[in-house]
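*Asks:* Same order as they appear, the protein sequences are chains A and B.
One point on numbering: in the numbering used here, the residue at position 61 of the first sequence is 61, and numbering is uninterrupted.
One point on numbering: in the numbering used here, the residue at position 55 of the second sequence is 55, and numbering is uninterrupted.
Because the hints were derived from the structure by calculation, they are not lab data.
Wrong hints could be hidden among the right ones.
Just so you have them, the derived chain B footprint on chain A, three or more residues with Cβ under 8 Å [said to hold, decoys possible]:
id: 1; segment: 5-18
id: 2; segment: 35-43
id: 3; segment: 48-60
id: 4; segment: 63-77
In the DMTMM-like style, the derived pairs of lysine to aspartate or glutamate whose C-alpha atoms are separated by at most 20 Å in a straight line are [stated by the list, open to error]:
id: 5; chain 1: B; residue 1: K100; chain 2: A; residue 2: E83
id: 6; chain 1: A; residue 1: K58; chain 2: B; residue 2: E65
id: 7; chain 1: A; residue 1: K58; chain 2: B; residue 2: E8
id: 8; chain 1: B; residue 1: K111; chain 2: A; residue 2: E83
id: 9; chain 1: A; residue 1: K58; chain 2: B; residue 2: D7
id: 10; chain 1: B; residue 1: K111; chain 2: B; residue 2: D34
id: 11; chain 1: B; residue 1: K117; chain 2: B; residue 2: E107
Glycine included, C-beta positions come from ideal geometry on N, C-alpha and C.
Given next are the chains, with one letter for each unit.
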Amino acid sequence: MITIMLTTSLSLFALSIAIALYRIIRGPSMPDRAVGLDMIAVNLVSGIAVFSILLQTKVFLDVILILGILAWIGTIAFTKFIERGSIVEYKRDR
Amino acid sequence: MNISAIDEFVAAFIILVGSMMSFLSAVGIIRFPDVYTRAHAATKSSTLAVLLTLSGVFLYFWLNESLISVRLLLGIIFVFITAPVSGHLILRAAYRSNVKLTETTSEDELKSALENKNNDE
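Here chain A stands alone, though its shape is the one from the complex (with noise of 0.2 Å):
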């Protein structure tokens, strides 16, 4: 019972991914992917999580901590480098 509930919360995991890289491939603009991106790290946040119910181990808390701090320092880096670009279009419009 639990490991069928489990299983199929990592699959609907799973099928979230495909559709964040499904909107990463296709997205027309580039903060579109940032959000695709930032949406698979959260959920590999938590398919890490149920694994490790899964497979009865402790040691994958810490990969969540990391992920997650990497993560996010990924997306601000991503953010802080789309902002900068737009603004060096911005002047040579001018």
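Position chain B relative to chain A; hints supplied.
*Replies:* Okay, now just chain B, sitting in the frame of chain A:
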């Protein structure tokens, strides 16, 4: 069904609800028309989904193995603080880089506010 099985069932049920929230936000990210509404779906319900899931895992390890995992608590607090911040940064970058709003938008309050600020200076 003894006590331990009920504990496991409650934790797994919370995790299942969290994964359903995540799937709903994925549906939102594929169906909404522009980046602002998509980020609305992606940040709010994804935050709820990851909070529910990590709380379920924390509950499972607490009730089953009587382990209060401080790392997991730190992860929950960290995600709860940083997910709205990253959503706000993405949307600010999108507005500054002139991403178009969808055609059904009725009002753009930030545009008139920015124009008023420029006129004052």
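*Asks:* If a hint holds in the structure, say so; if it doesn't, say that too.
*Replies:* Tested hints:
no.	hint	verdict
1	5-18	holds (count 9)
2	35-43	holds (count 6)
3	48-60	holds (count 5)
4	63-77	holds (count 7)
5	B:K100 - A:E83	holds, 15 Å
6	A:K58 - B:E65	holds, 11 Å
7	A:K58 - B:E8	holds, 16 Å
8	B:K111 - A:E83	holds, 17 Å
9	A:K58 - B:D7	holds, 18 Å
10	B:K111 - B:D34	holds, 17 Å
11	B:K117 - B:E107	holds, 18 Å
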